[in-house]
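Colleague: One letter stands for each residue in the lines below.
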Amino acid sequence: MDMLLVLPIVIPFSMGIICIATWGQRQLHRLIALAGTSSLLLIASLLLLTVQQDGPISTEVGNWPAPFGIVIVADLFSAIMVMMAALMGFCVVLFSFGSIDPQRERFGYYPSILFLLMGVCGAFLTGDLFNLYVWFEVMLISSFVLLGMGGERAQLEGAIKYFALNLLISAFFLSAVGILYAITGALNMADLSLKLQTVKQPELVPVVAVLFLVAFGIKAAAFPFFFWLPASYHVPPVAVTTLFSGLMTKVGVYAMIRVFTLLFTQQVGYTHGLILVIAGFTMVTGVLGAMAQYDFRRLLSFHIISQIGYLLMGLGLYTVTSLAGTIFFMVHVIIAKSALFLVSGIAQRVGGTYDLKKLGSFYRGYPLLAVLFVLPAFSLAGIPPLSGFWAKLVLIRAGLETDQYLIVLVALVVSVLTLYSMTKIWAEAFWKDSPTYHEADIEQAVEAIPRRDYRLMLLPLVLLASLTLLIGLIAEPVMNLALEAAAQLRNPDLYLQAVLGNGVRP
Amino acid sequence: MAVVLAFVIGALYAAGLYMMMRRSMVKLIAGLVLLGYASNLLIFTVARLTRAQPPLIPEGMTTPPEPFADPVPQALILTAIVIGFGLQAFALVLVKRAYQAVGTDDLDKMKATDTT
Chain F
0 MDMLLVLPIV IPFSMGIICI ATWGQRQLHR LIALAGTSSL LLIASLLLLT VQQDGPISTE
60 VGNWPAPFGI VIVADLFSAI MVMMAALMGF CVVLFSFGSI DPQRERFGYY PSILFLLMGV
120 CGAFLTGDLF NLYVWFEVML ISSFVLLGMG GERAQLEGAI KYFALNLLIS AFFLSAVGIL
180 YAITGALNMA DLSLKLQTVK QPELVPVVAV LFLVAFGIKA AAFPFFFWLP ASYHVPPVAV
240 TTLFSGLMTK VGVYAMIRVF TLLFTQQVGY THGLILVIAG FTMVTGVLGA MAQYDFRRLL
300 SFHIISQIGY LLMGLGLYTV TSLAGTIFFM VHVIIAKSAL FLVSGIAQRV GGTYDLKKLG
360 SFYRGYPLLA VLFVLPAFSL AGIPPLSGFW AKLVLIRAGL ETDQYLIVLV ALVVSVLTLY
420 SMTKIWAEAF WKDSPTYHEA DIEQAVEAIP RRDYRLMLLP LVLLASLTLL IGLIAEPVMN
480 LALEAAAQLR NPDLYLQAVL GNGVRP
Chain V
0 MAVVLAFVIG ALYAAGLYMM MRRSMVKLIA GLVLLGYASN LLIFTVARLT RAQPPLIPEG
60 MTTPPEPFAD PVPQALILTA IVIGFGLQAF ALVLVKRAYQ AVGTDDLDKM KATDTT
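Chains F and V, in that order, are what the protein sequence lines are.
With numbering that gives the first Met the number 0, the residue at position 194 of the first sequence is 193, and numbering never jumps.
With numbering that gives the first Met the number 0, the residue at position 48 of the second sequence is 47, and numbering never jumps.
If you're looking for bench data, these hints aren't it; they were derived computationally from the structure.
Hints may contain errors.
No more than 27 Å apart at the CA atoms, straight line, and that leaves these computed lysine-lysine pairs for DSSO-like [to be verified]:
1. V/Lys108 <-> V/Lys95
2. V/Lys110 <-> F/Lys356
3. F/Lys423 <-> V/Lys110
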């Protein structure tokens, strides 16, 4: 067994178990969470390096040979996603140190985060469809706990909506896996990829494909299944919202990309055309929803939806360039969006509210936060030289190459509207004078935050904001990585070989 | 037998979805439980229902004697039942807490997260 592949799952799991054994000890939990996420970050970088040099690697759990046992596979796309998950975990844990109240910390906040990371890493690394379902559930149950923890009324209401929708997805997903097994007799994704080309009932395949599309579409908050996201993502503490926005919807997109590049590529015109339509509507509805919002976090939540549209656009176009654009965009949006959520958290801590109408004066009262907001906000809108510009450039070029002018137009218009939303936040929270407090109050409020908390909240934000700038300035290595990962997705021979061994293809 | 089960599964899906669309939280949970049963039964049925031996491989052979029942779907269902049980237990606690916090069982009254 290749330990490198198993460790991203084992580390958060064992750290979580230790947390449960030492229930209620805040300081110890903090230490364990920090150790867990930083070692996860280390292992994830090692994994990324290894996969980049040696190509996709796989290991058979319990030494049951593939395709009968469960395999854990990492191709470049998985490795990148695990890396992003580790980065998010690390940043959110740091931010939590400064912002989460002691009650939640005592009540198993950190173990829930660790188990969530385990589920996310497992979902990124598994090569087995049913195992993916299990990782989804691991991830979900931790997210339910994080969402409901604290027991405020809004939290419980949000949790119920989120819970009901996610259980519905589980049922769809499970049914789809069952039907797929009935058609092919396989669950291993590499094996399925080969067997789906020669099934006896090809007319059933699109049905299953659409079931998967719906299940993962709800998870990813794609149009028309997005409504649960703005109803639930803004209720927990902002650290949790950041983690969810960075990882949970992205797992849905990841699963969709995996399934629609490896399994359902028989009728690309039909399935991927449908994805492209969904992508367009997702972008537009997300950004229009955001325009109407005056709550910092709800506005950003709607933008999550809009960004999901861009991710799906790359999948829908289904060329190497477009998939590379999606992967680049994924890296960019996880970093930039999380940074924005962290800004909203600090603004709330200082200004006392998430309501943009009541916030204000931050530009003069707190210039550092203004800079840290502008970087990811412009990046999200796609202003050069930040990371979002390159991500959108590649996607739009891919669209022009395949003559899909309509989606290109939609992407460009939505980009402008994103800029509008970001300037709205700028004008309301940073530029205008607040109706409820003065500039001096901001400085006082910042002073009032304990120094240690303050630094811990600012550190991950600075890290993410400089990353989005850095990726923008030296985009080429990241782009090359994305291109290579996309090539592996578009032509999964390497993946199949890694899982099933040599001589797979006749 | 498969035909009968097909109708049962269809009815379970329909009932589950209908219950989910009611306003009561308790019915929502009941609907989710029914949906879970429907998918489990679906997997059970699509694996083909045969009267056969258990898939045990006798000594000295490498495959079980035909006809045998496919063990994989049953393993899947077992896993799904366990997961479903955990989620349902969580759901009941969540509903109880939400009922205490909101003071009603009516989902239409839970609009605090939509407006603020």
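Colleague: Look at each hint and say if it fits the structure.
Modeller: Hints, verified against the model:
A hinted pair counts as satisfied when its Cα atoms are at most 27 Å apart, and V/Lys108 with V/Lys95 qualifies at roughly 16 Å. For the hint linking V/Lys110 to F/Lys356, the alpha-carbon distance of about 21 Å falls within 27 Å, and the restraint holds. For the proposed pair F/Lys423 and V/Lys110, the alpha carbon gap of about 26 Å is at most 27 Å, so the pair holds.
Checked against the numbered hints given earlier, the structure satisfies every one of them.
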